[in-house]
Every structure is written in structure tokens, then in C-alpha cells.
Amino acid sequence: MPSEVNTENFNLLKLLLAETRLNNKLLTEKVEWLEQTIIGKDEVIKKLECNVVLHNPNHQITKPKVCNPVNTVSTRKKSTTQAPQATTKEEEEEEQEAVKTKDQNNEYDWTKVNRKPKRKIMRGTATTNHEFAAADRKAWLYIGGCKKGTESKQIIKYLEEKHQETSFIVEEIPKRSENKSQNMSFKVGFPLSLLEELNKPEFWPRDIIIRRFKFFRNTAAAEFK
Numbered sequence: 001m002p003s004e005v006n007t008e009n010f011n012l013l014k015l016l017l018a019e020t021r022l023n024n025k026l027l028t029e030k031v032e033w034l035e036q037t038i039i040g041k042d043e044v045i046k047k048l049e050c051n052v053v054l055h056n057p058n059h060q061i062t063k064p065k066v067c068n069p070v071n072t073v074s075t076r077k078k079s080t081t082q083a084p085q086a087t088t089k090e091e092e093e094e095e096q097e098a099v100k101t102k103d104q105n106n107e108y109d110w111t112k113v114n115r116k117p118k119r120k121i122m123r124g125t126a127t128t129n130h131e132f133a134a135a136d137r138k139a140w141l142y143i144g145g146c147k148k149g150t151e152s153k154q155i156i157k158y159l160e161e162k163h164q165e166t167s168f169i170v171e172e173i174p175k176r177s178e179n180k181s182q183n184m185s186f187k188v189g190f191p192l193s194l195l196e197e198l199n200k201p202e203f204w205p206r207d208i209i210i211r212r213f214k215f216f217r218n219t220a221a222a223e224f225k
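Quick note, the sequence shown lines up with residues 1 to 225 if you use our numbering.
Simulated from the structure, these hints should not be mistaken for lab results.
Possibly wrong hints are sitting among the right ones.
Claimed, not checked - Derived EDC-like pairs (lysine to aspartate or glutamate); straight-line CA-CA distance at most 16 Å: (1) 138 <-> 171; (2) 148 <-> 207; (3) 148 <-> 172; (4) 153 <-> 172.
Let's have the full structure, built from the sequences with the hints guiding it.
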């Protein structure tokens, strides 16, 4: 009996050992398969990264770079190109003005337009005793801030008291409909030789407004005749 029991135990032990070996073999195969799978995945990832780098170099998988802010000042270069000189009277009569032109870069450049210089008035200089002679040149001033009821003859009397042998022209300036001021204004004409004296504040009563009288272009008179 004891020998039979030992034989059965020995056989059972052999079976357990054989089963253990089989399990170890299966476990080893599984481990090898997992290792190959992991290695294969790594190779696939590397190939994908290489393809990304080759086909689209702007999307490389790299660490983001930290950019430090830099103070910059942007300036627009001033155009130094000059327009060609005018060759005809029509070109000379163009007014000089700044015209902004937009270029392809959406920047503005200045275009210079020439303007015709003002014509200088020529006057005769010969001294003669002939009946043909120029009229006396006159200057005109605006006189404002006069009290209500002031008349032209009162201003003429004031001027003639200072220059007895001089002829003056005084005309009242009509008020505009929207002007509700009670003050009156006049334009005064006198010989050009008296312009410097009459253009001084001490010549006129206190608080009287004095300035050059400007004629409109559509009027026959000129500021200085």
C-alpha cells in the first residue's frame, strides 16, 4: 500500500511539473509577443514623425520656443521724389496741394503739385507833367464796433480834423439778417500814403475795431487801388 501511494504521488508531481512547464512556455511566448508589439508601435510612431517632418517641415514636433518681447519702432520713409517741372502754362496754373495716393502696400505717399507763382504787378516809374497820369492809390480799412446811430459824416469829420486837406471815403456796411448786434461798421478809403498812420491803434477812439477791408473777387473794387 505505501508503495502504491508513493507511485501515485510521483505521477501527480510529474503532471504538475509538466503543466508548470507548459504554462511557463505560454507565458514566455506572450511576453515575447508583447515585446514585439511594443517595438512595432515605436517604429510606426517614428515613421509617422519622419513623414510629418518630410512633407510639412513647418509642423515639426518640437518644444515651443519662448519669445521675449522686443520694443520696435516702425517709421514710414518720406518720399523724396519731386514732380517734374511744369512746361506749359496749364501745368503752372495748377495749385500746389498735398494729394495722398495709396500704393500697393497700403502706404501713403505725398504727390507734389506745382502752383503758378503770383504775377507781380508792374507800375510805371516815369515822372511827367502830362495830363495822362495814374489815379491816386487808395487803401481801405474796416472800422467796427461803432455805437448805434453813428453816421458816415461823423467819421469823416473825425478824420478831417487830423488831416484837413485829405479826402476820405466812408461807407456804412449793411448788417446781415442773422447779425443781431447793435454795433455799426464802416469801410474807410483814404490815400495809400496814410496807411501806416491810420493802421495804428492810437489813431482811433478806444475799443474801435480796425483791420484791413477785404473786397470779394466779384466786386469791381480792389483792396488797394
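List of violated hint numbers, smallest to largest: none
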